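Engineer: As a plain string of letters, each chain reads:
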Amino acid sequence: MGQAFGLRATLIGALGAAIGLSGCAKPEPGSSSTARLGPTSAASLQIKGSDTLVQLAQVWAEAFVRSHRAATVTVTGGGSNTGIMALIHGGADICNSSRPIAPSETAAARARGVEPTEFVVARDALAIVVHPGNPITDLTLAQLKRIFTARVTNWRELGGHDEAIVINSRETTAGTYVFFQEHVLDSERYAVTALLLPSSSEIVRNVAQDRGGIGYVGIGYVSDQVRIIRLRRDAASPAVAPNARNVRNGTYPLARPLFEYAAGDPTKIERMWLDWVMGPEGQAIVARLGFVPVRWSGG
Amino acid sequence: MGADRSVARNRAVERIAFGVIGALTFLVIGPILWLFGYILWHGLPQMSWSFLRLPPRAIDAGGGIYPAIVGTLYLMVGTIAIALPLGIGGAIYLTEYAGRSRLVRLVHLAIVNLAGVPSIVHGLFGLGFFVLFVGGGIDRYVLRADRPVWGQPCLLWGFCTLAVVILPIVITATEEALLAVPAAFREASLGLGATRWQTVRRVVLPAALPGVLTGAILGVGRAAGETAPVMITCAASFMPSLPRGLNDQAMLLPYHLYFVVTQVPHPTVQLQAGIALVLVGLVFMINIAAVMARTRARRRRRW
Chain U
1 MGQAFGLRAT LIGALGAAIG LSGCAKPEPG SSSTARLGPT SAASLQIKGS DTLVQLAQVW
61 AEAFVRSHRA ATVTVTGGGS NTGIMALIHG GADICNSSRP IAPSETAAAR ARGVEPTEFV
121 VARDALAIVV HPGNPITDLT LAQLKRIFTA RVTNWRELGG HDEAIVINSR ETTAGTYVFF
181 QEHVLDSERY AVTALLLPSS SEIVRNVAQD RGGIGYVGIG YVSDQVRIIR LRRDAASPAV
241 APNARNVRNG TYPLARPLFE YAAGDPTKIE RMWLDWVMGP EGQAIVARLG FVPVRWSGG
Chain G
1001 MGADRSVARN RAVERIAFGV IGALTFLVIG PILWLFGYIL WHGLPQMSWS FLRLPPRAID
1061 AGGGIYPAIV GTLYLMVGTI AIALPLGIGG AIYLTEYAGR SRLVRLVHLA IVNLAGVPSI
1121 VHGLFGLGFF VLFVGGGIDR YVLRADRPVW GQPCLLWGFC TLAVVILPIV ITATEEALLA
1181 VPAAFREASL GLGATRWQTV RRVVLPAALP GVLTGAILGV GRAAGETAPV MITCAASFMP
1241 SLPRGLNDQA MLLPYHLYFV VTQVPHPTVQ LQAGIALVLV GLVFMINIAA VMARTRARRR
1301 RRW
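Protein chains in written order, with this note's numbering: chain U, 1 to 299; chain G, 1001 to 1303.
Chain U with its partners taken away, still in its complex shape (with noise of 0.2 angstroms):
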């Protein structure tokens, strides 16, 4: 009996903390329920894709939900194609990405009903990084090109170390890796010696540990474990170093704006949200987080 009455007692209990989960997970009819209408909710936002804005996005979203009571903002990475296809299949009410969107994929998301519409949240330099006792000071964007296609695989080529170059790359569905490749790389293929590596703090971690090592990262993501190189466009020009003014006036040649897209017509929460993050409030912690406001005070 009591041997019985154990059994169906765990039973209970584990039925019972499942009702009590969904019960309590369940919202109130007539409350905006995020169990009804998903993400097109007036009070919940999906937020996906590029891993050089989660850091910034998720910044956003906790500040965000402190003036915004009643709103839950879900923040995603993944790269910046993982939140393109979010957007076009609905998956995401806003895409975080650090490359425009496609052509092609403007026209798949037209053929499922979705408008992209597109803001430029932020500006960010990519800077490149090298291990700190590297003596090389400055590149030119040819040499950059000859550096990431392996037509140069040993710093003394460069005036450096007698040492080889272990180029690190982003992975393929990153908006980081498409950016680089079409403006340094001219459209060329990475050298198949690239590492594709998950995320741009283990570029760093990497480049920090490894004498050889070059790498390119969002400027947010330097730590003074590696050194920063400055950029010439060409020979004849000077060397410049990634940073906000060097954005904002034009001269670094690897600055590059961060997007946000939002699925169709912003509707209520998303318009909020983007009015938000454009604003004075959403635009200061763009500057706290090391990237560059695209509007700042007197803007």
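For the record, the hints were derived by calculation from the structure and aren't laboratory data.
Check the hints yourself; a few may be wrong.
[As the list claims (entries may be wrong)] Listed below are several chain G residues computed to face chain U (Cβ distance under 8 angstroms; list not exhaustive): (1) 1030; (2) 1057; (3) 1147; (4) 1148; (5) 1236; (6) 1237; (7) 1239; (8) 1241; (9) 1244; (10) 1249; (11) 1258; (12) 1262; (13) 1263; (14) 1264; (15) 1265; (16) 1266.
In this text, all values refer to a predicted model and were calculated from it rather than measured experimentally.
Yeah, the Cβ is synthetic: ideal placement off N, Cα and C, and Gly gets one too.
Given the coordinates of chain U, work out where chain G should sit on it, guided by the hints.
Structural biologist: Relative to chain U, chain G alone:
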């Protein structure tokens, strides 16, 4: 004389063998102890009430991990609520009813194989089957929604995916517990005129309870630590609030750890170790609970 020498030689061989075995044991245990010590050493300073009770603060990669802890607890309860009835039911059928046909052997083989499937494959299966096929189907044919409601990563599909992951543990543990019940119990019950189901429900299952409990709790421990299956079926990188429905995503401890290590620009070792410590501590406590539940249930019966 010859006998003495052979004894001495055997002793020497024995000593060498024990030495080798001892060294191998240390080789296995040592790194685990070192790892645990590392996590404790770096993680303990991170422990504080606010770390456990506050949501993450992204700006300094600090703050707390409260939503991740709650998400992990939800996940454990939901997973076991699905896996337990399925697993126990399946095990009862296999041991008490199915007999020993070729089909049953095949099913056993399938269960063993299921346990060996890499967890990322489970994740992709969950994404393809639960999220896109089942969830997408509900959206398309039941709700006729123009945007995904269930056809997106969310808690419910995380439960289902992890239930599949831990099903082999629950089934195997339950089966073993059922088989350990002496056949005489069943014979006595049947001999008194009880039906097969009455026998299972009133005699066999209660006697097997400790083993079943252990299996269930070990399964929960496994569910708490899995990263790959939940990464693509229900985990959110960041959510300042708790999930409000079964179709919300949630923050989870293992994924949060992965996220902090790989995506956050300048994470401190202390923060990383702190999250790891909470996760390991949680799984450890669950496993202790398994041991305690087992001994408690054991003490009540003897045969």
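Engineer: All hints are to be evaluated individually against the structure, with a verdict given for each.
Structural biologist: Status of each hint after checking the structure:
{"no.": "1", "hint": "1030", "result": "25 angstroms, violated"}
{"no.": "2", "hint": "1057", "result": "7 angstroms, holds"}
{"no.": "3", "hint": "1147", "result": "4 angstroms, holds"}
{"no.": "4", "hint": "1148", "result": "5 angstroms, holds"}
{"no.": "5", "hint": "1236", "result": "5 angstroms, holds"}
{"no.": "6", "hint": "1237", "result": "5 angstroms, holds"}
{"no.": "7", "hint": "1239", "result": "5 angstroms, holds"}
{"no.": "8", "hint": "1241", "result": "5 angstroms, holds"}
{"no.": "9", "hint": "1244", "result": "5 angstroms, holds"}
{"no.": "10", "hint": "1249", "result": "5 angstroms, holds"}
{"no.": "11", "hint": "1258", "result": "10 angstroms, violated"}
{"no.": "12", "hint": "1262", "result": "4 angstroms, holds"}
{"no.": "13", "hint": "1263", "result": "5 angstroms, holds"}
{"no.": "14", "hint": "1264", "result": "6 angstroms, holds"}
{"no.": "15", "hint": "1265", "result": "5 angstroms, holds"}
{"no.": "16", "hint": "1266", "result": "6 angstroms, holds"}
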